[in-house]
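J.: One letter stands for each residue in the lines below.
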Amino acid sequence: MAGLVIVGGSYAGLNIASSARQHGYSESITMLTDEACLPYNRPPLSKAFLLGGVERETLPLRGEAFYRDNCIDVVFEARATEVDREGYVATSKGRFDFAQLAIATGTRAKRLPIPGADLEGVVTLRSLADADYIRERLAGSRSVVVVGGGFIGLELAASMVKSGIEVTVVEGLDRVLARVMGETMSRYIEEEFARQGVQITCRSGVECIEGREGRATAVCTTDGLRHAADLVVLAVGAVPNIELADHLGLASSGGVLVDAHGRTADRRIFSAGDCAFGFNHFAGRSIRLESVQNATDQGKAAGAAIAGREVVNDTVPWFWSDQFDMKLQMVGLAQGAEREVVRGSIEAGKFSVFYMRGGRVVAIDSVNCVSDHVLGRKLLAKDHSVSDAEIADVDFNLRSLLD
Amino acid sequence: MPRVIYRSHDGEVRDVDVASGRSVMLGATMNGIPGIDADCGGTLSCATCHVYVDAAWLDRLPPVDETENDLLENVASQRCPNSRLSCQIVVTDELDGLSVEIPERQF
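Chains as they are written, first to last, in my numbering: chain H, 2 to 404; chain P, 9 to 115.
Read the hints as simulated data drawn from the structure, not as lab findings. Each hint should be verified, as a subset may be incorrect.
Covered stretches of chain H (in silico footprint by chain P; criterion: 3 or more residues with CB under 8 angstroms from a CB of chain P, positions within the stretch not fixed) [what the hints assert, rightly or not]:
1) 253–261
2) 318–331
3) 346–352
Here are some chain P residues the structure puts well away from chain H; computed CB gaps all over 12 angstroms [as the list claims (entries may be wrong)]:
4) C48
5) A63
6) R68
7) D101
Ranges of calculated distance between the beta carbons of each label pair, as one might list FRET restraints [claimed, not checked]:
8) P/E102 / H/E87: 53 to 63 angstroms
9) P/S85 / H/G165: 40 to 50 angstroms
10) H/F397 / P/D62: 38 to 48 angstroms
11) H/G173 / P/E20: 47 to 57 angstroms
12) P/D73 / H/Q197: 37 to 47 angstroms
13) H/N398 / P/E20: 33 to 43 angstroms
14) H/L52 / P/L69: 40 to 50 angstroms
15) H/V240 / P/L69: 38 to 48 angstroms
16) P/D73 / H/E65: 54 to 64 angstroms
Glycine residues also receive a C-beta, built at the ideal position from the N, C-alpha and C atoms.
Assemble the whole structure, with the sequences as input and the hints as a guide.
T.: This is the structure:
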């Protein structure tokens, strides 16, 4: 019996399966995951889990009962190697016939093509297995170098320094989070890290990783510095896993090409999540987003489409990160913004940066300002017009813009 | 182990054992109770684990803090005086028998 086969067992895969069932899909559903466990909560891996503050049993996004009740078969440690247009997926656990296929393969961590990158003690973080390995290695480490000042790199650095380890972040661009945030936020976060004892060096490329007896000992950077390290974390971004779709001619622009409902050009094949390049209502064009929210919402839309229903996924993109006592929340897309306007108090560590284009807010990054973020999720979804002065004035009620 | 009673918006009742120290959200996600999406995994970021707490239990819960209050402004179903985010309700022996209703929509 060939029903729906989902390649990938994380947020997108789970939401495709649950949404398909919720919308009445009655054929079999088989989820193939290359991991040994049910889909789990990934954000804690760089934060509380690393410090032992999260019980492993609480990581699954849904317990076994959910899969049983919804007749979703999960096949563990099944690595998909090929999709055949005849209607089957070849995997390390055999062949799975499909009537419909969903590609939810996500991304993998980027490696650096530099000498020493394959030494023991050079790690990346995507999976629970990666996090377990980092945890184990941290126990005997005194100093860690994190290569890359993006979200995962900074979250790891913040967690590690809390456990008393000396941490250096090496960033190639001129500021951290340059790809995703404006300058005001980057500078604020850099200062907070400095206050907490994390050394950040920007405009610093990695030349090589030195080792002794096969184990990493130091990171040498293009600015001529040598940072001693018992553990080196490469947090330099992710590469979408699009090979299966690429072989079918369904990938381009660095993603699996889909419409707003997760449909590829082959009407039997769908995709969602970090690997999918799809039409985004808020952006007004096709984009690829790496976030829990996108994987969840795109997965829900794709699952509905698989069941023959169309649901509109018009969620404004949002994202969060917790670093030290900073609750960082982002909503919207800042690309194309013309100006940054600060609302709240940077000194008090409670503020938001509003990204403006004409009289419109296109994105908001908040630090410990949940109300601005929550308002943003509604405001950005609708037509509005507001002045910079109104935004900067904390006595101006932003909720009035929702009326 | 304390029991938590989950009532769906259309009246279906399920009660499950939830270990002390775990949240009402986890009790739902781990036991296959539908309707609590919990997109952010309980980190007070998303507002998709909204529940209506049975009136008899409301004042036995710790108060709503500022962050939860702000997030409750954004829930998909109507916010009511007994609205809470279930990730913020930690089950204890004193809450044995706690009853919550799951709203129709979380997003």
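J.: Each hint: holds or not?
T.: A quick look at each hint next to the structure:
1. 253–261: It is violated: at least three residues are needed, and the region 253–261 of chain H offers just 0 whose Cβ sits closer than 8 angstroms to chain P.
2. 318–331: holds (count 4)
3. 346–352: Coverage by chain P is violated for the region 346–352 of chain H (0 residues, Cβ < 8 angstroms).
4. C48: Violated, since 7 angstroms does not exceed 12 angstroms.
5. A63: holds (26 angstroms)
6. R68: It holds; P/R68 is separated from chain H by about 23 angstroms at its closest Cβ, greater than 12 angstroms.
7. D101: holds (19 angstroms)
8. P/E102 / H/E87: 53 to 63 angstroms: holds (60 angstroms)
9. P/S85 / H/G165: 40 to 50 angstroms: Hint holds: Cβ distance 45 angstroms, inside 40 to 50 angstroms.
10. H/F397 / P/D62: 38 to 48 angstroms: holds (39 angstroms)
11. H/G173 / P/E20: 47 to 57 angstroms: Given range 47 to 57 angstroms: holds, Cβ gap about 54 angstroms.
12. P/D73 / H/Q197: 37 to 47 angstroms: violated (24 angstroms)
13. H/N398 / P/E20: 33 to 43 angstroms: The hint (33 to 43 angstroms, Cβ to Cβ) holds, given that H/N398 and P/E20 are roughly 41 angstroms apart.
14. H/L52 / P/L69: 40 to 50 angstroms: violated (27 angstroms)
15. H/V240 / P/L69: 38 to 48 angstroms: holds (45 angstroms)
16. P/D73 / H/E65: 54 to 64 angstroms: violated (33 angstroms)
In this structure, the hints that do not hold are numbers 1, 3, 4, 12, 14 and 16, in rising order.
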